[in-house]
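S.K.: Sequence:
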Amino acid sequence: MDVKSKDILKQALKSFDGTMVVVSHDRDFLDGLVDKMYEFRDGRVTEHLGSVTDFLAKRKIENLQELERKVDSQKVVSEQKAVQKQNDQVRRQEVKMDRKKKNRISYLECEIEKLEQKMKDIESVLSSPTDKDDIMELTRSYLECKRDLDAKTEEWGELIG
Numbered sequence: 000m001d002v003k004s005k006d007i008l009k010q011a012l013k014s015f016d017g018t019m020v021v022v023s024h025d026r027d028f029l030d031g032l033v034d035k036m037y038e039f040r041d042g043r044v045t046e047h048l049g050s051v052t053d054f055l056a057k058r059k060i061e062n063l064q065e066l067e068r069k070v071d072s073q074k075v076v077s078e079q080k081a082v083q084k085q086n087d088q089v090r091r092q093e094v095k096m097d098r099k100k101k102n103r104i105s106y107l108e109c110e111i112e113k114l115e116q117k118m119k120d121i122e123s124v125l126s127s128p129t130d131k132d133d134i135m136e137l138t139r140s141y142l143e144c145k146r147d148l149d150a151k152t153e154e155w156g157e158l159i160g
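When the letters of the sequence shown are read in order and numbered with numbering that gives the first Met the number 0, they come out as residues 0 to 160.
You may find that some hints are simply not true.
[Said to hold, decoys possible] Derived BS3-like pairs: lysine-lysine, alpha-carbon spacing no greater than 30 Å straight-line:
{"no.": "1", "residue 1": "K145", "residue 2": "K113"}
{"no.": "2", "residue 1": "K80", "residue 2": "K57"}
{"no.": "3", "residue 1": "K5", "residue 2": "K59"}
{"no.": "4", "residue 1": "K100", "residue 2": "K131"}
{"no.": "5", "residue 1": "K35", "residue 2": "K9"}
{"no.": "6", "residue 1": "K95", "residue 2": "K80"}
{"no.": "7", "residue 1": "K57", "residue 2": "K69"}
{"no.": "8", "residue 1": "K99", "residue 2": "K35"}
{"no.": "9", "residue 1": "K35", "residue 2": "K74"}
{"no.": "10", "residue 1": "K99", "residue 2": "K80"}
{"no.": "11", "residue 1": "K74", "residue 2": "K100"}
{"no.": "12", "residue 1": "K119", "residue 2": "K131"}
{"no.": "13", "residue 1": "K101", "residue 2": "K57"}
{"no.": "14", "residue 1": "K84", "residue 2": "K59"}
{"no.": "15", "residue 1": "K13", "residue 2": "K57"}
{"no.": "16", "residue 1": "K95", "residue 2": "K119"}
{"no.": "17", "residue 1": "K101", "residue 2": "K69"}
{"no.": "18", "residue 1": "K84", "residue 2": "K101"}
{"no.": "19", "residue 1": "K119", "residue 2": "K145"}
{"no.": "20", "residue 1": "K84", "residue 2": "K99"}
{"no.": "21", "residue 1": "K113", "residue 2": "K84"}
{"no.": "22", "residue 1": "K13", "residue 2": "K35"}
{"no.": "23", "residue 1": "K99", "residue 2": "K117"}
[Claimed, not checked] Restraint ranges, calculated between C-beta atoms of paired labels, are given here:
{"no.": "24", "residue 1": "D53", "residue 2": "K84", "range": "38 to 48 Å"}
{"no.": "25", "residue 1": "M0", "residue 2": "V20", "range": "47 to 57 Å"}
{"no.": "26", "residue 1": "V2", "residue 2": "T52", "range": "40 to 50 Å"}
{"no.": "27", "residue 1": "K95", "residue 2": "M135", "range": "24 to 34 Å"}
{"no.": "28", "residue 1": "Q88", "residue 2": "L137", "range": "29 to 39 Å"}
It is worth saying that the hints were derived from the structure and are not from the lab. Just so it is clear, the structure is predicted and the values come from calculations on it, not from any experiment. Note that beta-carbon positions come from the ideal geometry of N, C-alpha and C, so glycine has one too.
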């Protein structure tokens with residue numbers, strides 16, 4: 000419909016005293032002609048009082064609010080993902096540290112066992128020395144083993160306790 004025809008139709012409809020149902024997508028045509036609108040959206044019918052301009056302004060605000068809710072929701076989801084990622088990293092680090100700790104405990108237990116055996120061997124030689132045994136060297140070796148054993152036993156105790 001051309002502009003002149005629309006204007007004539009609009010004036011005729013405005014002068015009508017009764018109630019009418021107008022279906023149009025032309026905002027300019029509807030503006031000033033209607034004071035109540037029905038919106039068919041998402042399987043629902045919603046009544047809106049006011050002009051087309053009022054309806055569109057309200058709709059724009061609702062769309063902005065909906066967009067803000069979505070953005071806020073996305074921020075929350077994004078923050079939750081970041082927290083989850085950080086928690087996962089912490090958990091992986093704890094597992095890694097736990098594995099290192101268990102490996103160190105196993106290593107220390109093995110070393111402690113070796114040192115205890117070496118000390119027993121030295122004690123047995125020292126308890127019945129022969130002329131060719133160097134008592135001073137054996138004693139020094141025994142004391143060195145004892146120091147190592149004490150240090151490793153202390154570290155082992157800290158790791159398991």
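S.K.: Hint by hint, say whether it matches the structure.
M.R.: Results for each hint:
Taking the CA atoms of K145 and K113, the gap is about 12 Å. The hint holds against a cut of 30 Å. This hinted pair does not check out: K80 and K57 have alpha carbons roughly 34 Å apart, beyond 30 Å. Distance restraint check for K5 and K59: the Cα-Cα separation of roughly 27 Å lies within the 30 Å cut-off, and the hinted pair is therefore satisfied. Taken as a hint, the K100 and K131 pair is broken in the structure, with Cα atoms around 44 Å apart against an allowance of 30 Å.
Under the criterion of a C-alpha separation no larger than 30 Å, the hint pairing K35 with K9 is consistent with the structure, at around 16 Å. Between K95 and K80 the alpha-carbon distance is near 22 Å, which keeps this suggested pair within the 30 Å criterion. This hinted pair checks out: K57 and K69 have alpha carbons roughly 18 Å apart, not beyond 30 Å. Note on K99 and K35: the hinted pairing is violated, with a Cα-Cα distance of about 73 Å set against a maximum of 30 Å.
A C-alpha spacing of about 38 Å is found between K35 and K74, which places the hinted pair above 30 Å, so the restraint is violated. A threshold of 30 Å between alpha carbons decides the hint, and for K99 with K80 the separation of about 28 Å falls inside it, so the pair holds. Among the hinted pairs, K74 with K100 is inconsistent with the structure: their alpha-carbon atoms are about 38 Å apart, more than 30 Å. Distance hint between K119 and K131 is fulfilled; the C-alpha atoms sit about 19 Å from each other, no more than 30 Å.
Of the pairs offered as hints, the one joining K101 and K57 is violated, with about 65 Å between alpha carbons and a cut-off of 30 Å exceeded. Straight-line distance between C-alpha atoms of K84 and K59 comes to about 37 Å, which puts the hinted pair past the 30 Å bound. For the given pair, K13 sits about 24 Å from K57 by alpha-carbon distance, which is consistent with the 30 Å threshold. For the given pair, K95 sits about 36 Å from K119 by alpha-carbon distance, which is inconsistent with the 30 Å threshold.
A C-alpha spacing of about 47 Å is found between K101 and K69, which places the hinted pair above 30 Å, so the restraint is violated. Simply put, K84 and K101 have alpha-carbon atoms about 25 Å apart, close enough for the 30 Å limit, and the pair holds. As the CA atoms of K119 and K145 are separated by approximately 11 Å, the hinted pair is consistent with the 30 Å bound. With a C-alpha separation of about 22 Å, the suggested pair K84 and K99 falls inside the 30 Å cut-off, and the hint holds.
Taken as a hint, the K113 and K84 pair is broken in the structure, with Cα atoms around 43 Å apart against an allowance of 30 Å. For the given pair, K13 sits about 14 Å from K35 by alpha-carbon distance, which is consistent with the 30 Å threshold. Proximity of K99 to K117 is assessed by CA-CA distance (about 27 Å); at most 30 Å being required, the pair is judged to hold. Between D53 and K84 the CB atoms are about 46 Å apart, so this pair conforms to the stated range of 38 to 48 Å.
Checked against the given bound of 47 to 57 Å, the beta carbons of M0 and V20, roughly 18 Å apart, lie outside it. Separation of V2 from T52 is about 19 Å and departs from the stated range, judged on CB atoms against 40 to 50 Å. Restraint check, K95 to M135: a C-beta distance of roughly 46 Å breaks the suggested window 24 to 34 Å. For Q88 and L137, the Cβ-Cβ distance of about 52 Å falls outside the hinted range of 29 to 39 Å, so the restraint is violated.
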